[in-house]
Every structure is written in structure tokens, then in C-alpha cells.
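**Student:** This is what each chain is made of:
Protein chains: 2
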Amino acid sequence: MRDFSGDHRWLSINTATVRKSRGTDLPLPDIIEACVRRGIRAISPWRDQVAAAGLAEVSKLVKTHGLELSGYCRGGMFPAADPAGLRAADDDNRRAVDEAKELNAACLVLVVGGLPGALAGKAAHKDIALSRTQVHDGIARLLEYARAAGMPLAIEPLHPMYAADRACINTMEQALDVCDALDPPRTGALGVAVDVYHVWWDPKLQAQIARAGRERLLALHVCDWLTPTTDLLNDRGMMGDGVIDIPRIRGWMEAQGFAGYSEVEIFSTGNWWLRDQGEVLDTCIQRHRTAV
Amino acid sequence: MRDFSGDHRWLSINTATVRKSRGTDLPLPDIIEACVRRGIRAISPWRDQVAAAGLAEVSKLVKTHGLELSGYCRGGMFPAADPAGLRAADDDNRRAVDEAKELNAACLVLVVGGLPGALAGKAAHKDIALSRTQVHDGIARLLEYARAAGMPLAIEPLHPMYAADRACINTMEQALDVCDALDPPRTGALGVAVDVYHVWWDPKLQAQIARAGRERLLALHVCDWLTPTTDLLNDRGMMGDGVIDIPRIRGWMEAQGFAGYSEVEIFSTGNWWLRDQGEVLDTCIQRHRTAV
Numbered sequence: 001m002r003d004f005s006g007d008h009r010w011l012s013i014n015t016a017t018v019r020k021s022r023g024t025d026l027p028l029p030d031i032i033e034a035c036v037r038r039g040i041r042a043i044s045p046w047r048d049q050v051a052a053a054g055l056a057e058v059s060k061l062v063k064t065h066g067l068e069l070s071g072y073c074r075g076g077m078f079p080a081a082d083p084a085g086l087r088a089a090d091d092d093n094r095r096a097v098d099e100a101k102e103l104n105a106a107c108l109v110l111v112v113g114g115l116p117g118a119l120a121g122k123a124a125h126k127d128i129a130l131s132r133t134q135v136h137d138g139i140a141r142l143l144e145y146a147r148a149a150g151m152p153l154a155i156e157p158l159h160p161m162y163a164a165d166r167a168c169i170n171t172m173e174q175a176l177d178v179c180d181a182l183d184p185p186r187t188g189a190l191g192v193a194v195d196v197y198h199v200w201w202d203p204k205l206q207a208q209i210a211r212a213g214r215e216r217l218l219a220l221h222v223c224d225w226l227t228p229t230t231d232l233l234n235d236r237g238m239m240g241d242g243v244i245d246i247p248r249i250r251g252w253m254e255a256q257g258f259a260g261y262s263e264v265e266i267f268s269t270g271n272w273w274l275r276d277q278g279e280v281l282d283t284c285i286q287r288h289r290t291a292v
Numbered sequence: 001m002r003d004f005s006g007d008h009r010w011l012s013i014n015t016a017t018v019r020k021s022r023g024t025d026l027p028l029p030d031i032i033e034a035c036v037r038r039g040i041r042a043i044s045p046w047r048d049q050v051a052a053a054g055l056a057e058v059s060k061l062v063k064t065h066g067l068e069l070s071g072y073c074r075g076g077m078f079p080a081a082d083p084a085g086l087r088a089a090d091d092d093n094r095r096a097v098d099e100a101k102e103l104n105a106a107c108l109v110l111v112v113g114g115l116p117g118a119l120a121g122k123a124a125h126k127d128i129a130l131s132r133t134q135v136h137d138g139i140a141r142l143l144e145y146a147r148a149a150g151m152p153l154a155i156e157p158l159h160p161m162y163a164a165d166r167a168c169i170n171t172m173e174q175a176l177d178v179c180d181a182l183d184p185p186r187t188g189a190l191g192v193a194v195d196v197y198h199v200w201w202d203p204k205l206q207a208q209i210a211r212a213g214r215e216r217l218l219a220l221h222v223c224d225w226l227t228p229t230t231d232l233l234n235d236r237g238m239m240g241d242g243v244i245d246i247p248r249i250r251g252w253m254e255a256q257g258f259a260g261y262s263e264v265e266i267f268s269t270g271n272w273w274l275r276d277q278g279e280v281l282d283t284c285i286q287r288h289r290t291a292v
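Chains as they are written, first to last, in full-length UniProt numbering: chain E, 1 to 292; chain L, 1 to 292.
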């Protein structure tokens, strides 16, 4: 297992972590500059942040600074209530692949979607099995396109508390079943993003990480689970502040040969997004060395 | 599958559902009277409510009214940071079995506990595997006692969002692995309580219900998953107000021969606990007939 205590060369910052500084939205170029100043070598930006700054501008910045992208957030949201909705998701996902390619991302992260309409509070139906079928079929279609573009797709199993509104793939086992079905030869074109926040509780986690193997372990996201957790979405903790044994999980991944970045992804309306960006990044660096 | 539309003979009220009326704590005898007035034939009371009213008094009320207990809430909380803590949990759980027996409950529901101290916000450690071992061993010890008393134990897999602080058994598969290990001959002494709120998201739910079979399906708890859910613990929805396909899950259970009560268990600080008890019970009856 790699020793992270001496430096932060394997730290990546998911730009949602510093989406806000002192409660105010932060433009992506400012985030990039702040990361570069601290010797952070990789980021994982969100599409809305890239769109706001302009894809060409972000691409230029990334190249100028020699930054790597540990991933691109995010494609997915496949289920829809009608064929037009399914087609619109397909179109949007192909654009996400193109953007990820332009930014030379290591993978496009897929948050696959849940019951159509549920995120807006009005689920079109209650048939989660149907959503799962639509997700499977949607990934199959996108995989053809992504394979041609040379962009790996990383299915991110989301915590079961998001099954209704964000992602109906909720365990590593379920994500890997999709990988086995759609990419049996393990080409590396399809795999998983392991976010400790989503999967730490899973009694089968170690076994499923072993099942995934190096070819399918495309990304590692870290933060921490707080007790109590006061909000289902935006109360993630800084590594070390919660109950997740992050080094143990990283060890399981590295035992399979995973050698990529450890990407910090924290949504925190009540704490970290209220702080100054510099303080948050400095804390990420420190915790990367001590708690990851 | 039983037809619930014509009456509410298979409705049970978990007394937490009307723990408060218009925001004020309601004594258990008042809850019992209100249920009896409406022809509700079964309840599932909580230990703190029973203790406040007095076990003998509650036992008398239950017998007088010919009420059944679809379950007794709850035993469990096995993990501890030291041997004294483990022994204290054992003692308390044996008392819970005795109380359940006195009240002639169908089963004692087990919320097994998570990381010791986490419920108070200070987890003693991050080793969830250790907690799971302690849970396994604790259930094994309690099972001897409960078997002698003739009181079935129902492991309730809790939603993974409670893995840290309330229960580290989080899927039906995991609960049934414990059942298989501790009661291989399927005597009925050990089984599961299926709460749709905790398990609806699980892609393996149908298969695991089939695996459980009649002998291990000891209880069915119902409420609904709201989108959005604003609180991890106390924002459960009334059946029909959320995204869970409750009849489908009940159908899977009844296909295995489950023929018990459908127990309504709703924690709702922001909605149902603010309403009048009578309105809540009447709504439970109506939704039992239309949405369960």
C-alpha cells in the first residue's frame, strides 16, 4: 500500500469540495489556480462548473498547468418516463463523453439516475426494476460511443439513500454485475468509481473490490460519514472526522493493483462550503496525509 | 395475496407512529384505547412506552381488549466497547425477551446496533466488522434464552444510512446469513422483520425474501420513502405518499406464506407527530386498505 504520509502527490480535488468559499460560488478557474498553487496534481471537475467557465478555457488551463483529471463528473441519469427523455439522456451523455475526452479525463463518472422525476419530488412511477433496466440499456448504448472515443465509463454505486432520486445502482455487486454483462472481457472500458461514502457500510465491500480487480477499479473517492449526519446530501465529512476506515478500504483497492488518485469529494453546506477555499484545500492536503 | 381493501383486520399499529399527538407525548394506554375504538386488532409497542405505563398495566390492557402484538420494539444494540458493555446489553436483552413474553408478542424485534458510541456522536472505533462479529455473538447468546422462553427473535435489517449508529445489519442477505448460521434447521426461533423503508431499494430483495421463506418472515413493517427525505430518522412517509411499491413487496412475502399483520411504523417529527392521533390512525386505516 502506498505511503501517503510524506506528500500529496496522489491527492485529487473533486471541485465540488470547493464549489463554494465562505458560502459564495467559486469559478472553476479560481479553484484550479488554488490547487496548482498547492502542488495538487489532479482535479475532477463538474460539468456545470466547466460549462460556466467554458470548456475551451478549462481545457487550456488544465493543459497549461499539466493537471490530470482523476475523473469527470458526471454522466448518467439514464431513466426517463418516455422515449424522448431516454433519447435526451443519451444525447447529453455523449456530450459528457466528448467533454471528458477534451479534458483528457481518466474516466467519465456515471451517476445512473433513479425513478424519473423523483429528484424533483414527483416520481413518474415506483418501478425501480424498470429504472434499473433502463440504466443497464443506457450504459450499453453509451459504452459503444465511449469505447470508440477511448473514454472509460466508471459506474458509481450510490448510497442506498439515493436509490429513489439519484442512482438505482446502490452496491458494488450490482455495479459489477452490469460490468460483467456489458464488458465480459474486462477491457477497462467499463468499471466502477468507489466512493467510500457510498459503500463503506457494505458487508460485501472487500469481496466485491477483489471481484472488480484492477481493470474495473477506475476511481477512488474519499470523504467521511459523520455521526450524526444532518442532511442526506450535503453533510459529508472531511476524512478523519467520521467513522469510515478509509485506509482499510484503500488498502483493499491497492491490493488489487489500484494506483490512481485519491479524490476528495465533500458536499457540505453547513461546514466546509462556509469556510475559505484555502483553508479547505489545506485541510484536504493534511488529511490526505494522515487519514486516507 | 390477501385483499386488504375491504377492511383493516391485518393492520397493526407500531405505537411509535402515534408516539406524539399534536407534538405532545401520548401515553401508551391512550394509544391502545384509540386503536381499540377503531377496531385495530394489533399493536407493536416500544419498551420505553411500556415502561412509562407499567408492564403489568399494559399487559392487563392488552389482555382485556384481546389485542395481539405483531412484535415488541425492541432488543438489540449488542456491540460495546468493553466486556461490561456487552454484558449490560445481554442483560437488557433478556429483560426485553421477558417483557415480550409477558405481552405475548409474536416476536422481539432486534435493532442490532452499530459502532459503540456512534449514536451519541462518539464512535469508540471504526471497525464495523468487529461490531458485526459482536452482533453475531450477541444474537447467538440471546437466542438460547429466547428459545427457552419460546420468544422468536426477528432481526431487522436497517437501512445502510443507519449502519454507523443503529444497526450494522443492513441487508436481508446479511440478516439471513446470520439466521442460517445460528438456526440452520429453520425452527422459527430466529428470523427477520422486513421493514419496507429499510429494504425497498435492495436489488436482491425479492430473491432474499424467497430465501427467507415462511419460517423466517416474522414481521412486515410499512411506511413510505419520501422524495425529498429531509431527515435521516424522522421523516418517514405515510404509505402511498412516497416511492415504495409496498403491495409488490407484500406480495413477495405472501408468496412465501407470510400471513401476519402489516405493521405501520412512522417516525415523523415534521408531519404526522404534529397531527392529532385520531387523524393519524384513521389515515393509517385508509392507506392500509388502498396503498399496502
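If you're looking for bench data, these hints aren't it; they were derived computationally from the structure. Computed from a predicted model, the values in this text were never measured in an experiment. All C-beta atoms in this analysis are idealised placements derived from N, C-alpha and C, irrespective of residue type, glycine included. Certain hints may be false.
Stated by the list, open to error - Going by beta-carbon spacing under 8 angstroms, a handful of chain E positions derived as facing chain L:
(1) D3
(2) S5
(3) V111
(4) D127
(5) L130
(6) T133
(7) H159
(8) A164
(9) W225
(10) G240
(11) Q256
Unchecked claim - Each computed EDC-like pair below joins lysine to aspartate or glutamate, with the alpha-carbon atoms no more than 16 angstroms apart:
(12) E/K122 - L/E57
(13) E/K204 - L/D177
(14) L/K204 - E/D282
(15) L/K204 - E/D137
(16) L/K20 - L/E57
(17) E/K204 - L/D48
**Student:** Next step is simple, just say for each hint if it's right about the structure.
**Tutor:** Evaluated hints:
For E/D3, the suggested interface contact is broken, since its CB lies about 20 angstroms from the closest CB of chain L, more than 8 angstroms. Checking E/S5 against chain L: minimum C-beta separation of about 18 angstroms lies over 8 angstroms; hint violated. About 15 angstroms separates the beta-carbon of E/V111 from the nearest beta-carbon of chain L, more than 8 angstroms, and the hint is not met. At about 7 angstroms, the closest approach between the beta carbon of E/D127 and any beta carbon in chain L falls short of 8 angstroms, and the interface hint on this residue holds.
For E/L130, the interface hint is violated, the least distance from its beta-carbon to any beta-carbon of chain L being 10 angstroms, above 8 angstroms. Residue-level restraint check for E/T133 is violated (minimum Cβ-Cβ distance to chain L is 11 angstroms; threshold 8 angstroms). Interface hint status for E/H159: upheld, as the beta-carbon distance to the closest one in chain L is roughly 6 angstroms, under 8 angstroms. At a threshold of 8 angstroms, the smallest CB-CB gap from E/A164 to chain L is about 5 angstroms, leaving the interface hint in force.
Taken as an interface hint, E/W225 checks out: its beta carbon lies about 6 angstroms from the nearest beta carbon of chain L, inside 8 angstroms. Checking E/G240 against chain L by beta carbon gives a least distance of about 10 angstroms; that is not within 8 angstroms, so the hint is violated. For the restraint placing E/Q256 at the interface with chain L, the shortest Cβ-Cβ distance is roughly 19 angstroms, beyond the 8 angstroms limit, so the hint is violated. The straight-line distance between the Cα atoms of E/K122 and L/E57 is roughly 46 angstroms, outside the 16 angstroms bound, and the hint therefore fails.
With a CA separation close to 12 angstroms, the supplied pair E/K204 and L/D177 stays within the 16 angstroms bound. Simply put, L/K204 and E/D282 have alpha-carbon atoms about 42 angstroms apart, too far for the 16 angstroms limit, and the pair is violated. A distance of roughly 19 angstroms separates the Cα atoms of L/K204 and E/D137; the hinted pair therefore is violated under the 16 angstroms criterion. About 20 angstroms separates the Cα atoms of L/K20 and L/E57, which puts this hinted pair outside 16 angstroms; it is violated.
For the suggested pair E/K204 and L/D48, the alpha carbons sit about 35 angstroms apart, so the restraint of at most 16 angstroms is broken.
Of the numbered hints stated above, those contradicted by the structure are hints 1, 2, 3, 5, 6, 10, 11, 12, 14, 15, 16, 17, listed in ascending order.
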